[in-house]
Amino acid sequence: EDQVTQSPEALRLQEGESSSLNCSYTVSGLRGLFWYRQDPGKGPEFLFTLYSAGEEKEKERLKATLTKKESFLHITAPKPEDSATYLCAVVGITGGGNKLTFGTGTQLKVEL
Amino acid sequence: DAGVTQSPTHLIKTRGQHVTLRCSPISGHKSVSWYQQVLGQGPQFIFQYYEKEERGRGNFPDRFSARQFPNYSSELNVNALLLGDSALYLCASSLEGARNSPLHFGNGTRLTVT
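For the record, the sequence lines run as chains A and B. Per this note's numbering, the first sequence starts with residue 17, numbered consecutively. Per this note's numbering, the second sequence starts with residue 568, numbered consecutively.
Bound-form chain A, shown alone (with noise of 0.2 Å):
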C-alpha cells in the first residue's frame, strides 16, 4: 500500500526566512509525485509533478525536489501570500490512473 508522510505539520516562518518542507514515500513502481498548494475553504492547487530521482521543479519562490525515498518542497524568501496547506500525493504502479495517495499536508504560516 502506498504510503505518504509529511512533515513538520506546522511552520511558521518570518517573511524572508526561508525552509524546506519534506514528503517521505513509500510506493510500489513511483508513477509520479505531485505537490498542491491548498487554501482554506477551497480545493487543491496543483504546483509540480516529479517523476524521477534527481528531478527538480521551480515556480517563483517554490522548487521541488525528489529522491528515492523523499521529496522537499523549498520555499525561498517567502511571503505572507505563500501561507497555505501544501500536500504531497503519489501515484504508484499499483494505483494507477488518478488514484493519488497524499500525505496530511504541512500548514505553512509566514508572517510579516
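In short, the hints are calculated from the structure, not lab data. Among the hints, erroneous ones may be present.
What the hints assert, rightly or not - Listed next, the in silico DMTMM-like pairs over lysine to aspartate or glutamate satisfying Cα-Cα at most 25 Å (straight line):
| # | chain 1 | residue 1 | chain 2 | residue 2 |
| --- | --- | --- | --- | --- |
| 1 | B | Lys597 | A | Glu61 |
| 2 | A | Lys95 | A | Glu127 |
| 3 | A | Lys58 | A | Glu25 |
| 4 | A | Lys75 | B | Glu663 |
What the hints assert, rightly or not - Heads up, incomplete: computed chain A residues facing chain B, CB under 8 Å, no partners named:
| # | residue |
| --- | --- |
| 5 | Lys58 |
| 6 | Gly59 |
| 7 | Pro60 |
| 8 | Phe62 |
| 9 | Thr65 |
| 10 | Lys115 |
| 11 | Leu116 |
| 12 | Phe118 |
| 13 | Gly119 |
| 14 | Thr120 |
Stated by the list, open to error - Sample of chain B residues with no beta-carbon within 12 Å of chain A, all distances over it, derived:
| # | residue |
| --- | --- |
| 15 | Pro575 |
| 16 | Pro628 |
| 17 | Pro637 |
| 18 | Asn646 |
| 19 | Val680 |
This structure is a prediction, so every number in the text was calculated from the model and none was measured. Note that beta-carbon positions come from the ideal geometry of N, C-alpha and C, so glycine has one too.
Let chain A serve as the given structure and place chain B on it in line with the hints.
Using the frame of chain A, we list chain B on its own:
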C-alpha cells in the same frame, strides 16, 4: 477559462438520507475523479471515471456510487448517510491518467451530516 465546478457548495443532511453531488470538468478533460477530505487530513480517493467507464475505486463502502455522463460531467451519490460521511468532497479532472496529466481540483462540496 472555467475550472472544475462543483455543486452545491454546502449541504446539510440528516443521518440515513441520500445525497447527490455534481461536478463539471474543465473543457476537454475526459477523466473525472472524486476524493473525500476529512478536516485535518489529505484527500482520499473514492472513484475515477474515464470516458464514462469506472477506472478505479477506493476503499469506500457500496453506499458510495458515481457515474459519468456523455458530456463528461459526473455525479457522486451517497446512500444511508452516516455522521462519519461529513467531509469536503472534491472533484478533479484531467485529460487522461495522472501520470501524464495532473489533476485539477474544484473547490468541493462541504457535506455536513447531523
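List of violated hint numbers, smallest to largest: none
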